[in-house]
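Residue strings, one per chain:
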Amino acid sequence: QKEVEQDPGPLSVPEGAIVSLNCTYSNSAFQYFMWYRQYSRKGPELLMYTYSSGNKEDGRFTAQVDKSSKYISLFIRDSQPSDSATYLCAMRGTYKYIFGTGTRLKVLA
Amino acid sequence: EPEVTQTPSHQVTQMGQEVILRCVPISNHLYFYWYRQILGQKVEFLVSFYNNEISEKSEIFDDQFSVERPDGSNFTLKIRSTKLEDSAMYFCASSESGSTEAFFGQGTRLTVV
Chain A
11 QKEVEQDPGP LSVPEGAIVS LNCTYSNSAF QYFMWYRQYS RKGPELLMYT YSSGNKEDGR
71 FTAQVDKSSK YISLFIRDSQ PSDSATYLCA MRGTYKYIFG TGTRLKVLA
Chain B
402 EPEVTQTPSH QVTQMGQEVI LRCVPISNHL YFYWYRQILG QKVEFLVSFY NNEISEKSEI
462 FDDQFSVERP DGSNFTLKIR STKLEDSAMY FCASSESGST EAFFGQGTRL TVV
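For the protein sequence lines, the chains are A and B, in the order given.
Numbering (this note's numbering) for the first sequence: 11 to 119.
Numbering (this note's numbering) for the second sequence: 402 to 514.
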């Protein structure tokens, strides 16, 4: 079983839609969870950082962590064409960050 | 806003040559990382570095790779004898502590010909 699993997509949605991106993980010791956005041939850009279970909101973005289900989500409200990118979930391991494969999102104008 | 900077942005090298990729982490950060991303694939961990020594390394990080913090600001990745399969984007990252988020640079695209 992979440590972090993420549906690679691609996911296409119309402008203004609510987008839901998800990851599952296997290691119950993970406590710190991140979402990054990556444009083609660019570095991952940190969007959200959460500790343990619960919700965190920042503008149009909401991150959710459910440690009991080992499941994390990122919601994007009122999606824009500029949100088109690959979204990476990541978890903090002992001395490293472990990434999912990334989900490609395309928001259609 | 503080950021991680990497140079060069693109490097082309011949197979068998040595390359050094350079990074300037965020100034108050203590933990440093190198990651690799082959085109179209996932971001893969190479090595983490804290207190002037390697904390963890992956199977990819074999004897041809080394890291160094030569002074108070730079963090380098050296690949001794490059192979075609080393062609990838290499990302440097840093974090303030072992329990905070990591910030990534824009990457160095390494092309081995």
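Note that these hints are calculated values from the structure, not bench results.
The reader is advised that the hints may include incorrect statements.
[Unchecked claim] Think about it this way: if two alpha-carbon atoms lie no more than 27 Å apart in a straight line, the pair counts; the simulated DSSO-like pairs of lysine-lysine are:
| # | chain 1 | residue 1 | chain 2 | residue 2 |
| --- | --- | --- | --- | --- |
| 1 | B | K484 | A | K52 |
| 2 | A | K80 | B | K443 |
| 3 | B | K484 | A | K66 |
| 4 | B | K479 | A | K80 |
| 5 | A | K80 | B | K458 |
| 6 | A | K66 | A | K77 |
| 7 | A | K77 | B | K479 |
| 8 | A | K77 | B | K484 |
| 9 | A | K116 | A | K66 |
| 10 | B | K458 | B | K443 |
| 11 | B | K458 | A | K116 |
| 12 | B | K479 | A | K52 |
| 13 | A | K52 | B | K458 |
| 14 | A | K66 | B | K458 |
| 15 | A | K66 | A | K52 |
| 16 | A | K52 | A | K116 |
Holds or violated: are the alpha carbons of K80 (chain A) and K443 (chain B) at most 27 Å from each other? holds, 20 Å
Would you mind confirming whether the straight-line C-alpha gap from K458 (chain B) to K116 (chain A) stays at or under 27 Å? The given pair, whose Cα atoms are some 34 Å apart, is violated under the 27 Å limit.
Between K484 (chain B) and K66 (chain A), does the CA-CA distance stay at or below 27 Å? violated, 43 Å
When you check the alpha-carbon spacing of K77 (chain A) and K479 (chain B), does it fall within 27 Å? violated, 38 Å
Agreement of K479 (chain B) and K52 (chain A) with the hint, judged by alpha carbon distance not exceeding 27 Å: holds, 21 Å
Agreement of K66 (chain A) and K77 (chain A) with the hint, judged by alpha carbon distance not exceeding 27 Å: holds, 14 Å
With the threshold set at 27 Å, check whether the alpha-carbon distance from K479 (chain B) to K80 (chain A) stays at or below it. Violated, at about 37 Å.
Restraint check for K77 (chain A) with K484 (chain B), where alpha carbons must lie at most 27 Å apart: violated, 41 Å
With a cut-off of 27 Å on the C-alpha distance, tell me whether K66 (chain A) and K52 (chain A) pass. Distance ~25 Å between K66 (chain A) and K52 (chain A) Cα, so the pair holds.
Next pair to validate is K484 (chain B) with K52 (chain A); report whether the Cα-Cα distance is within 27 Å. holds, 23 Å
Sort out whether K458 (chain B) lies within 27 Å of K52 (chain A), counting only the CA atoms. Between K52 (chain A) and K458 (chain B) the Cα gap is close to 23 Å, so the pair holds against 27 Å.
Between the alpha carbons of K458 (chain B) and K443 (chain B), is the straight-line distance 27 Å or under? Given that 27 Å is the threshold and the Cα spacing comes to 17 Å, the pair holds.
Checked against the numbered hints given earlier, this structure breaks hints 3, 4, 7, 8, 11 and 14; the rest are met.
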